[in-house]
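In the order they appear, the protein sequences are chains Y and X. Going by my numbering, the first sequence opens with residue 1, and the numbers climb by one from there. Going by my numbering, the second sequence opens with residue 115, and the numbers climb by one from there.
One thing to keep in mind: the hints can contain errors.
The calculated lysine-lysine pairs, modelled on DSS-like cross-linking and capped at a C-alpha distance of 30 Å, are [to be verified]:
(1) X/171 x X/129
(2) X/171 x Y/96
(3) Y/96 x Y/73
(4) Y/78 x Y/55
(5) X/131 x X/171
(6) Y/73 x X/171
In case anyone wonders, no lab produced these hints; they're calculated from the structure. Keep in mind that this is a model prediction, so the values were computed, not measured.
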Amino acid sequence: AQTVTQSQPEMSVQEAETVTLSCTYDTSENNYYLFWYKQPPSRQMILVIRQEAYKQQNATENRFSVNFQKAAKSFSLKISDSQLGDTAMYFCAFMKNTGNQFYFGTGTSLTVIP
Amino acid sequence: GAGVSQSPSNKVTEKGKDVELRCDPISGHTALYWYRQSLGQGLEFLIYFQGNSAPDKSGLPSDRFSAERTGGSVSTLTIQRTQQEDSAVYLCASSLGLGTGGRHSPLHFGNGTRLTVT
Numbered sequence: 001a002q003t004v005t006q007s008q009p010e011m012s013v014q015e016a017e018t019v020t021l022s023c024t025y026d027t028s029e030n031n032y033y034l035f036w037y038k039q040p041p042s043r044q045m046i047l048v049i050r051q052e053a054y055k056q057q058n059a060t061e062n063r064f065s066v067n068f069q070k071a072a073k074s075f076s077l078k079i080s081d082s083q084l085g086d087t088a089m090y091f092c093a094f095m096k097n098t099g100n101q102f103y104f105g106t107g108t109s110l111t112v113i114p
Numbered sequence: 115g116a117g118v119s120q121s122p123s124n125k126v127t128e129k130g131k132d133v134e135l136r137c138d139p140i141s142g143h144t145a146l147y148w149y150r151q152s153l154g155q156g157l158e159f160l161i162y163f164q165g166n167s168a169p170d171k172s173g174l175p176s177d178r179f180s181a182e183r184t185g186g187s188v189s190t191l192t193i194q195r196t197q198q199e200d201s202a203v204y205l206c207a208s209s210l211g212l213g214t215g216g217r218h219s220p221l222h223f224g225n226g227t228r229l230t231v232t
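Generate coordinates for the entire structure from the input sequences, incorporating the hints supplied.
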C-alpha cells in the first residue's frame, strides 16, 4: 500500500519570506507521480505543482518549487516570496503510473502573516 | 470553461435520513472520483469511475454508500440511513484520466458538499 505523510500539521510564515512544507511517501513502485494541492478557505482544491518520478529535474511553477529526493522518498514544497493568498491547506499526493488512485497526506495548514 | 460543479454546497440532515450529493464533472473528463474529507484528516478515497469501465468501489466505507455515474457524465453519491460519523466534506474530482504516452492528468476538484448529520 502507498502512504503519504505530512508531518507538519500547521505552519506559519511572514509575508515575503520563504517556507518549506515537507512530504514523505512510502512505495515500492518505480514510476509514479507526485502532486501538491492547495485548498483555500473556499474549499476548492487547486493543483499547485506536479512531478513525474522519472524526471530528475525538480519541478518549478513561478514561486513554487519542489525538492524531489527519490531515494529518500521525499517531496517537499518550497514557497518563495510568500503572499497572503498562499494561506491555505496544502496536500501532498501520490499516484502510481499504472493506477488510478490518488493517495493524499493529512495536509499542512499554512498561514501567511502580514 | 466551467469547472467541476457540486451541489448542494451544504446539507444538514437528520440521522437516519438518506442524502444525495451531485457532481457535474468538467466536460470531456472521463475519470471521476469521490473523496471524503473529515476535520483534521486527509482525503479518503471513496469511489472512482473511468469511462464505461466498472467503477472502483474499494473505498466505500459501508453498504450505506453508493454512487452512480449516468451517461459518463454526472455522478450522484448516495448515503442511506445517515449517521453522525458521516459528517464531512465530500469532494468530487474529475480528470482526463490516462492520456497519451501513459501520462495521468491531474485532478480538478469541485468546491465540495459539507454534510452535517444531526
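Verification of the hints:
1. In summary, the hint linking residue 171 of chain X to residue 129 of chain X is supported, as the alpha carbons are separated by about 24 Å, within the 30 Å threshold.
2. Distance restraint check for residue 171 of chain X and residue 96 of chain Y: the Cα-Cα separation of roughly 18 Å lies within the 30 Å cut-off, and the hinted pair is therefore satisfied.
3. With a C-alpha separation of about 14 Å, the suggested pair residue 96 of chain Y and residue 73 of chain Y falls inside the 30 Å cut-off, and the hint holds.
4. With a C-alpha separation of about 18 Å, the suggested pairing of residue 78 of chain Y with residue 55 of chain Y holds against the 30 Å cut-off.
5. Between residue 131 of chain X and residue 171 of chain X, the direct Cα distance comes to roughly 22 Å. Compliance with the 30 Å bound is thereby established for this hinted pair.
6. This hinted pair checks out: residue 73 of chain Y and residue 171 of chain X have alpha carbons roughly 28 Å apart, not beyond 30 Å.
In the structure shown, no violation is registered for any of the earlier numbered hints.
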